[in-house]
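*Asks:* Top to bottom, those sequences are chains U and A.
All residue numbers for the first sequence refer to the numbering used here, where the first residue is 1 and numbers rise by one.
All residue numbers for the second sequence refer to the numbering used here, where the first residue is 1 and numbers rise by one.
No wet-lab data here; the hints were simulated from the structure.
Beta carbons: idealized from backbone N, C-alpha and C, even for Gly.
Be aware that one or more of the hints could be misleading.
Stated by the list, open to error - Calculated pairs, DSS-like style, for lysine-lysine (alpha carbon to alpha carbon, straight line, at most 25 Å):
1. K160(U) to K214(U)
2. K39(A) to K105(U)
3. K97(U) to K39(A)
4. K39(A) to K83(U)
Stated by the list, open to error - Interface residues of chain U toward chain A, partial, derived using beta-carbon atoms under 10 Å:
5. R123
6. N125
7. S176
8. H185
9. S188
10. K214
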Amino acid sequence: MLVVKTEINTFMKENESREKEEMELTGNSRRDFLKKSSLITAVALTPVAAVKASELRLDERLSDAIEQMPLNIEINGKTYNLKVEPRTTLLDLLREKLNLTGTKKGCDQGQCGACTVHIDGVRANSCLQLAIMNDGAKITTIEGLAKGDELHPMQEAFIKHDGFQCGYCTPGQIMSAVACIHEGHANSETEIREFMSGNICRCGAYANIVNAIKEVKAGGNV
Amino acid sequence: MNNFQYKRVSSTTAAISELSKNPAAKIVAGGTNMIDLMKYGVMAPEKLVDINRLNFDDIRKQPGMLHIGATVRNAVASENADVLKYQPLLSMAMLSGASAQLRNKATMGGNLLQRTRCSYFYDISAPCNKRKPGSGCSAIGGFNRMHAIFGTSTSCIAVNPSDMNVALTALDAVILVSGPKGDRKIPIADFHRLPGATPELDTTLDKKEVITGLVIPDNNFAANSYYLKVRDRASYAFALISVAVAMELEGTTIKDIRLAMGGVAHKPWRLKEAEEMLKGKQASVENFKMAAELAMKGAKAYQYNAFKLKLAPNTMVQALKTASGIKA
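Full structure from sequences and hints, please.
*Replies:* This is the structure:
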C-alpha cells in the first residue's frame, strides 16, 4: 500500500503543477486527473472493494462529479451557479435541469425555431448552443416575458389573433416575434415573414402570427 | 452527442497550441453547424476550443480594403454600415442564408467552413467519402436533386451550401489565418477545394490553423450588385441555384464584372469566362444570355438535378438584369 500511496502523491503533484500552468478555464486537467485517479483507485482497492465500487457505480458518479464544469448564468433575472457537462445544450439545461419547459424541443437541429430564446437580448436557437459557451450570459425564455400575471403585449396579441393552434411552436414564435420588432425587422408584412422564417408552424398559423406582430409593432410598446 | 473536453482560450497562440496538441480538437465559435453535426454523429471532436473571447469581432474599413473579423456574427456583418456601403453584395448574400436566429450566432469563419448539407453526408448509416473516406458516394446513384453540376469527381458530388461564400468569391475576398508557422493569407479561390479523390477536405486550411478574419479589396461594384437565390421555399432553405453579380457600369457599358454561382459545385463557382466575355460589352439581355451559355460550358447533370442545367443560366440572366437595372 505504501507504494500505491507514493504513486498517488506523484500523480497529485503532477496534476497540481499542470493546473498551475493552465491558467485558462479547462476540463483538461480534471479529465486527466480522473483517468489517473480511477486507475489508482482500482489499484489501491482490494478486489472485493473494487467489485463493491463497481456495484455502486462509483466510477460513473466520480466521472459525473469531475467532468462537470462551472457555469454562471442569469435566466429570467435569476442567477444560477451550476455545473454542467460540456455537451449539455442550453435547451436541455433549461428543460431538463431547471424545469423551464416553456422553451420547446422541436427538431433539436436548428431547423424549426421552437427552442428560440434571447441570449443577451438577441434571439438564438437554444438547441444549437452549448450551455457552457454561455457562461456569464443573460437568458430570457418565454417564462421571463410576462410581468407576474400581466402578459407581454406579444402574448396578448397571439391570443387575440389566434396565432397558434396546437401551441407547440408558440413559445419560440413569441420570443422570435419580440426580437423581430426589437431588431427593426417588422416594418412590413414581407419583412415580418422573411425575418420570422426561422420559426416553423406546422398548423399553418402564419397569417395570424403576422397580424399579431403587426399589431404589437403598431402599438409601439415593444 | 459524444462527450468532449471544452476549453475556452484567450489567445490565438493558445488556440493553435490546442489544435497542435490534439488532432481531434476542433474550433467552435457560433456552433450552429458544428453542434448540429455532432448531434448527428457526423463529427465527433474530442475537444472543442472556444474562440469567442478572442478579439476577432471587429469590422474595420482600412485603406484599400474592408476587414471583417472571424467571429463577427453574420447578422452583425449583414447590417454593418461599412459592409452595406462598400460591399452590399455580401450583406444581400448573408441575409438570404439561414434564419435570423442562426445568423445571430453563425460567424464569418464558421460560415467559410460550413460543411455540405448532402443528406448522405448527414446520414451516418450511408456510405459517404466525405464523412468516411473510401466508403463510397451514395449521392451519385442516389437522390441527387440538390447536388453539383460542376467540378464533380467519382468520389463526391456534394455542394458547398453557403451563400456568404458565393458573394466572397465574387468579391475576391482574402482569408486571414494563423498557424504554428505564422500568419498566411489565402485568396478565397484557393480556400475551398474541389472534391477530387479527397472529398473529406473541404478547404486548404491546415488542421492546426485558425481563421482570424477576412478582407475584401475595395471595388466600384456597390451600385450594381445583386445576389439572387432560387430555393424550394420563399425563405430559410438552401440554394438550388444562386448567382452573385458585382458589376461596374459606365453608362450602359460593363466596365468591370465579377460573377459567382452557388448550389452547383463543391466550392463557390467563379464564372471567369463569362466575366471576360461581358467586359466592355453593353448590358443587354442578349449579351447576358450569351454569357450564361458560356458559363454553363462543362456542366454535367445527374439523375435528379438536370433541372439545374436550365435553372442556372436563367437565374444568371435574371441576376444580371437586376444588377444592371435593365428592363425586358
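*Asks:* Hint by hint, note whether the structure agrees.
*Replies:* Going down the list of hints, with the structure as the test:
1. K160(U) to K214(U): Given pair K160(U), K214(U) holds - Cα atoms ~12 Å apart, limit 25 Å.
2. K39(A) to K105(U): Answer holds: K39(A) to K105(U) is near 14 Å, not above 25 Å.
3. K97(U) to K39(A): Distance of about 19 Å is within 25 Å: holds.
4. K39(A) to K83(U): Status holds; Cα separation ~21 Å.
5. R123: Holds - the Cβ of R123(U) comes within 10 Å of chain A, reaching about 5 Å at its closest.
6. N125: holds (5 Å)
7. S176: holds (7 Å)
8. H185: Holds - the Cβ of H185(U) comes within 10 Å of chain A, reaching about 7 Å at its closest.
9. S188: Violated, because the Cβ-Cβ distance from S188(U) to chain A comes to roughly 14 Å (cut-off 10 Å).
10. K214: This interface hint is violated because 17 Å lies over the 10 Å limit.
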